[in-house]
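Number of protein chains: 2
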Amino acid sequence: MKKLVFIKLGGSLITKKDKPMTARNGLIEQLAADIAVVIEKFPGYAFVIGNGAGSFGHYQVVKYQLKEGVRNPDQWKGVSEVHYSASELNTIVVKALLKNNVPVFKLQPSAMLTANDSQLASSNLDAFFKLLKTDLIPSVYGDIILDSTRGCTIFSTEKIFDILISEALIKGFSIEMVIHLSKVKGVLDTNGNIILEITKENWPEIEKNISKTEGFDVTGGMKHKIEASLRYAEKGIVTYIANGQGKNSVSRIFEKASRELTTIR
Amino acid sequence: MKKLVFIKLGGSLITKKDKPMTARNGLIEQLAADIAVVIEKFPGYAFVIGNGAGSFGHYQVVKYQLKEGVRNPDQWKGVSEVHYSASELNTIVVKALLKNNVPVFKLQPSAMLTANDSQLASSNLDAFFKLLKTDLIPSVYGDIILDSTRGCTIFSTEKIFDILISEALIKGFSIEMVIHLSKVKGVLDTNGNIILEITKENWPEIEKNISKTEGFDVTGGMKHKIEASLRYAEKGIVTYIANGQGKNSVSRIFEKASRELTTIR
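Here the protein sequences line up with chains L and F, keeping their order.
For what it's worth, our numbering labels the leading residue of the first sequence as 2, then goes sequentially.
For what it's worth, our numbering labels the leading residue of the second sequence as 2, then goes sequentially.
FYI, nobody ran anything at the bench for these hints, they're computed from the structure.
Be aware that a few hints might be false.
If chains are identical, the list can't say which one is meant, so a pair holds when it fits in one copy or spans any two.
Said to hold, decoys possible - Using 20 angstroms as the maximum straight-line C-alpha spacing, the simulated EDC-like pairs for lysine to aspartate or glutamate come out as follows: (1) K184 with E168; (2) K64 with E41; (3) K134 with D75; (4) K172 with E69; (5) K248 with D118; (6) K236 with D190; (7) K42 with D19; (8) K64 with D136; (9) K134 with D190; (10) K100 with E89; (11) K172 with E235; (12) K172 with E41; (13) K209 with E41; (14) K209 with E69; (15) K64 with E208; (16) K248 with E202; (17) K17 with E228; (18) K134 with D118; (19) K42 with D75; (20) K257 with D163; (21) K134 with E198; (22) K236 with E69; (23) K134 with E30; (24) K68 with E206; (25) K64 with D190.
As the structure is a computational prediction, the values presented were derived from the model and not from experiment.
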């Protein structure tokens, strides 16, 4: 059985933050071409690709005030639109990958998962695991999930990865690594230098220091990401938080040639 | 609990047969606007909308010879492309419905269903049933399904409807009707006249005659459709096979004003 590699294309990386529903098409093309090269060069791995929603879903979440779920019927249209928009961005990513001959298969998270009070309530990952037995590469994305209590809830790509990784481990899959591609060069210390490695041992000290850094983890995303990665590390999964903006950014990680990344193991 | 109405927009109705991957956008807009009116006028019903793939998925199925499944690795890319294409057409339909304020929610069949030797192997319809409890309207479509034996298999919109209807009946939902919108004016007799009503009683005689009609049921689709509808009729579900090309074609069915339809009860 091939070892799994999860690659996340961050929402803020692949969309323009200041322009609602605008993808960075050139960058997406560049990433797709690079991922195609990696898949060709490293046939021992099976890949799962995820992408964040960035300015796509977010715009409608704000417009329809869906952060706290659905409290009046007018908001249902917003739920439709958030999913529609998230799916649109995923389509752009999938299209770029197909163009580069990557046999990527769209997989709608909100069709496979349901929630109750923002927690996972049910999942059916049969299609996902069937894909892993073929040459097809599942493509998932941050999505709006139907929720028994709140009407809807947002599951980020990382949350989706977390569900897929947990289930894959239970099923006996071996997972090699998780790669987060974003606009940051990695996790930065108080002097703005990249922290090369985070482990269970050095994290408490690092956390104490970087929390003071201005702009660190405004949304709580980075701390959560590191802590999830440390949990994966216990299962032998290495996580890379890397800059996805340069040329060959994915290849360079595989070839251990990237200087703009933090390794969490 | 609202009574369910299933509406199918036929693939040959909403796409151009002679031009691969070309939607009849004007007609889709017209249908979406009409469906919006029906939903507004008949609040006692909950709707499920499905669309066929027409010239969208079909083109890639032929190109990659996927009718018999996947027999060599090069065909996997074809599986990706068939799904991509089917999803593209569904996106066009969903976009038109959203534009008309119909809160329609895309629901990927290949993410919910898997197959074994062309038969349904597993399904998770939690998201579908959650949608039915809200104001959201599920939008499904004919799709390529992952298959343990054959690699992939095509499930038509009718097959998807069949799965949804069976499960909904088991869950105690009441289903009022199934509407098939297509380019035909209904089921035609040997003289080219519309057969107004088909029942369990008159079907054997009708079948004997219309089978002789030139062009009837070249693909076996119509006979299958009628026989499935007669099975639904036993559960009290009425099926309409109707022309979807005229203005207000859906409204007219609801208002019992359509003259271009066959009723199967």
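Right, here's what the structure says about each hint:
1. K184 with E168: neither (29 angstroms within a copy, 45 angstroms between copies)
2. K64 with E41: Cα proximity of K64 and E41: none, with 42 angstroms in one copy and 24 angstroms across.
3. K134 with D75: between (42 angstroms within a copy, 15 angstroms between copies)
4. K172 with E69: neither (34 angstroms within a copy, 30 angstroms between copies)
5. K248 with D118: neither (41 angstroms within a copy, 44 angstroms between copies)
6. K236 with D190: This pair counts as neither: shortest intra-copy Cα distance 26 angstroms, inter-copy 67 angstroms.
7. K42 with D19: Result: close neither inside a copy nor across copies, 36 angstroms intra and 40 angstroms inter.
8. K64 with D136: Between copies only: 18 angstroms across, 39 angstroms inside.
9. K134 with D190: Neither way: K134 and D190 sit 41 angstroms apart in one copy and 49 angstroms across, limit 20 angstroms.
10. K100 with E89: Both, since 16 angstroms and 15 angstroms are each at most 20 angstroms.
11. K172 with E235: within (17 angstroms within a copy, 42 angstroms between copies)
12. K172 with E41: For K172 and E41, neither the intra-copy (26 angstroms) nor the inter-copy (47 angstroms) Cα distance is at most 20 angstroms.
13. K209 with E41: neither (41 angstroms within a copy, 57 angstroms between copies)
14. K209 with E69: For K209 and E69, neither the intra-copy (31 angstroms) nor the inter-copy (60 angstroms) Cα distance is at most 20 angstroms.
15. K64 with E208: Neither: 35 angstroms inside a chain and 55 angstroms across chains, both beyond 20 angstroms.
16. K248 with E202: neither (33 angstroms within a copy, 70 angstroms between copies)
17. K17 with E228: Close neither inside one copy (27 angstroms) nor across copies (52 angstroms); limit 20 angstroms.
18. K134 with D118: between (33 angstroms within a copy, 16 angstroms between copies)
19. K42 with D75: Between. Shortest inter-copy distance 17 angstroms satisfies the 20 angstroms Cα cut-off; intra-copy 50 angstroms does not.
20. K257 with D163: neither (25 angstroms within a copy, 51 angstroms between copies)
21. K134 with E198: Classified as neither; 33 angstroms inside a copy, 48 angstroms across copies.
22. K236 with E69: neither (34 angstroms within a copy, 41 angstroms between copies)
23. K134 with E30: neither (27 angstroms within a copy, 40 angstroms between copies)
24. K68 with E206: Cα proximity of K68 and E206: none, with 33 angstroms in one copy and 59 angstroms across.
25. K64 with D190: The answer is neither: 35 angstroms in one copy and 53 angstroms across copies each exceed 20 angstroms.
Violated hints for the displayed structure, listed by number in ascending order: 1, 2, 4, 5, 6, 7, 9, 12, 13, 14, 15, 16, 17, 20, 21, 22, 23, 24, 25.
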